[in-house]
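Student: These protein sequences, in sequence, are chains A and B. Just so you know, the first sequence maps onto residues 1 to 87 in UniProt numbering. Just so you know, the second sequence maps onto residues 1 to 87 in UniProt numbering.
In short, the hints are calculated from the structure, not lab data. Careful: at least some of the hints might be erroneous.
Note that identical chains are pooled: a pair holds if it fits in a single copy or bridges any two copies.
To be verified - Below 25 Å or equal to it, Euclidean Cα-Cα: the simulated BS3-like pairs (lysine-lysine) are:
(1) Lys77 - Lys27
(2) Lys13 - Lys27
(3) Lys13 - Lys77
(4) Lys43 - Lys77
(5) Lys27 - Lys43
Quantities reported herein were computed from a predicted structural model and do not represent experimental measurements.
Number of protein chains: 2
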Amino acid sequence: MESAINVLVSQFKAYAGKDGSLHTLSKDEFQNLVATQLPNLVKNATDPAVIDRLMGSLDENNDGELTFAEFWQLIGKLASRHAGYSQ
Amino acid sequence: MESAINVLVSQFKAYAGKDGSLHTLSKDEFQNLVATQLPNLVKNATDPAVIDRLMGSLDENNDGELTFAEFWQLIGKLASRHAGYSQ
């Protein structure tokens, strides 16, 4: 499991580091990550309305940036659904 | 990222399915998973007191079993710490 966790951390950092704050995902970075890294787990990942809704539901402090902890909640929900666990 | 997420889900299911409820981790299953799958991220993973404390901190409804969502919170915390993000 540790190598899988490392993949998630390093991919988050790679996308978060593209512009602005190195440690959070801007909306553009988030859209880029979802479209390229989560194409099967997120339906209509290229639809701006889907990205807006997802981002709004995750960005708890509404600063327009997603922290690693906020992002982790998203992939947990996607993983739960994919695993057949309701959440 | 999707393949890494799938690894985490399938490993959780493999350990959760060893005894009792197929969808949750008993304490024995949790201890087994941590010792074998998270040996670097969890220090002293073979110490029963460490396992007791971790399990108690995660098992929100105190039923002695960890759901996938409860387990996901643990690996999120471990990943955050590993990534250098405080949480």
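Student: So, against the hints stated earlier in the document, which numbers end up violated here?
Tutor: When the structure is compared with the hints, none of them turns out to be violated.
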